[in-house]
Amino acid sequence: MSQQALNIVKISGHAGPIPGAGVERSEQVCKLIDTTTCIGCKACEVACLEWNGYTFTDTTFDNSYQTMPATRWNYWNLIKFNEHEREDGTLQLLMRKDQCMHCADPGCLKACPADGAIVQYSNGIVDFQQANCIGCGYCVSGCPFDIPKFNSETKKMFKCTLCSDRVGQGLEPACIKSCPTGCLHFGTKDDMSFLAESRAKQLRDHFGFEKAGVYDPPGVSGTGVIYVLHDVTKPEIYGGLPKDPHIPWVVQFWKGPAKWIGNLAMVFGILGVTLHYFRYGPKEVHPEKPTNGGKP
Amino acid sequence: MSSHAISSARTTGEPGERVLRYTLVERVNHWFAAFTYSYCLITGLAFWSPYMYWLAYLVGGPPTARFWHPWIGLAFTVSVFLMYVMWDRDMEITEADRQWAEKVKYYIENDDQNLPPEGRFNYGQKIFFWLMFYGIILLLISGFGLWFVEGIPWSLRWVRYLAVTVHVVAALATIGGFIIHVYMGTAMVRGGFTSIIRGEVSTDWARTHHRLWYEQVVKGRRPER
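If you're matching them up, the sequences are chains X and G in order. FYI, in the working numbering the residues of the first sequence are 1 to 296. FYI, in the working numbering the residues of the second sequence are 1 to 225.
Don't read these hints as lab results, they were simulated from the structure. Since the structure is predicted, the reported quantities are computational estimates derived from the model, not experimental observations. Treat the hints loosely; a few may be bogus.
[Said to hold, decoys possible] Residues of chain G placed beyond 10 Å of chain X at every Cβ, according to the derived structure: (1) V25; (2) V59; (3) V78; (4) E102; (5) V104; (6) N114; (7) L131; (8) E200; (9) Q216.
[Unchecked claim] With the Cβ distance kept under 7 Å, some of the chain X side facing chain G (calculated, not the full set): (10) G13; (11) C136; (12) W260; (13) G262; (14) I270.
Where a beta carbon is used, it is the ideal one built from N, C-alpha and C, also for glycine.
Can you build the whole structure from these sequences, using the hints too?
Next up, the structure:
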């Protein structure tokens, strides 16, 4: 079903061209998260659960405001709380909304062997199609952000859809709608990048955050979720946001040259034994008695 | 004449006589291994390449294939370990193998009369056995890393990357051996295929391909190392 739509640009595990790719073009959508104005209210966490039809699950208390250590298959949106000690000894409470980054070059999609289990829409949203998912978990290997999560009961992978179902109907994602401070924005990638850069400049020029900047990692060709950070040189302090995320080289090799090397080796193996048969044929049994044969 | 009678009695090596090469247990285990390996091969190739994904539909669909692949792989492992128990001593690389290996060219070109005599298994069979044996150990260990999706914490994700690499490399190595094994067992060495089904070979076959083993079985004479 998902493959017949004209608004799909990438399909996981798909042999041959993408049906209808490029027929329908759309603006790249983008979520902008301004960590400098987040108050950690978790309204986005609740809105995400509500819209996607999940009930609240068990939480973990770890001397922090954080709901649980990491996102779960049925908890796609998590604010990560971190107490960061600055060089002058003062503390800074960092809050970062963690969810799928909707990479332009999605590692999950690259690693996925199941035809149509992961698709990228022309608006940039990377979406899991559970009907086609086989539950192998390869997407976890491909993702640099620890986002795809496994439901051990249904054996399917889940993650944030960027509310693709809402966006398709002209609505903003549920998390955006719920944000009371306006730290979450939603729009085109161009507009959000401009807004993010403006905000970062404002932070640098007027608020003393000299290292403020925009997190839009080029290693995955940019993301559909971008952050404004107080200190863009240390994204790790925001609950482990990777500094230079890219698809692991193992996955790139495995899904790239290794395929051709392996497939060619198998083809040449079969050709080799066939040619051997043509050239030398079967081994004959020699019926004559050996010279040292007979009874001892 | 039953297989059991042949295995227990010395034969005289008369023309037309049959020799037991594989016991019933060895044969059944071989075909159990063949079936389980083939299942893992078909489903593994489906996960390996989008161009072979259709193979998964032959065995019940991709999610079903994903469910059974590790379990059937475990069954294959058990089978290979049983082979190890039964054939460990027969598979030891000997001085005769080293001499044979130096002249493997004659084996490939079917000039078998120029080859030194071999025991129950020749050097090539032994190499195949150890390839599959060590291959399955690597596939087993790396397979556990891939089986349980939530089993590896994010902080140890390098284990996941290592498991993927090892699983792919080991699988490809066994596929290479498998292609040659199937070719030789069916097309190249006539009599081999029936021997692993019914267990028997002719004395001529035994003498031609496994002279030292033939002498041991037929004449009750232990070959010199």
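Hints, one by one, checked against the model:
| no. | hint | in the structure |
| --- | --- | --- |
| 1 | V25 | holds (26 Å) |
| 2 | V59 | holds (13 Å) |
| 3 | V78 | holds (23 Å) |
| 4 | E102 | holds (19 Å) |
| 5 | V104 | holds (13 Å) |
| 6 | N114 | holds (12 Å) |
| 7 | L131 | holds (13 Å) |
| 8 | E200 | holds (14 Å) |
| 9 | Q216 | holds (13 Å) |
| 10 | G13 | holds (5 Å) |
| 11 | C136 | holds (5 Å) |
| 12 | W260 | violated (10 Å) |
| 13 | G262 | holds (5 Å) |
| 14 | I270 | holds (6 Å) |
In the structure shown, a violation is registered for the earlier hint numbered 12 alone.
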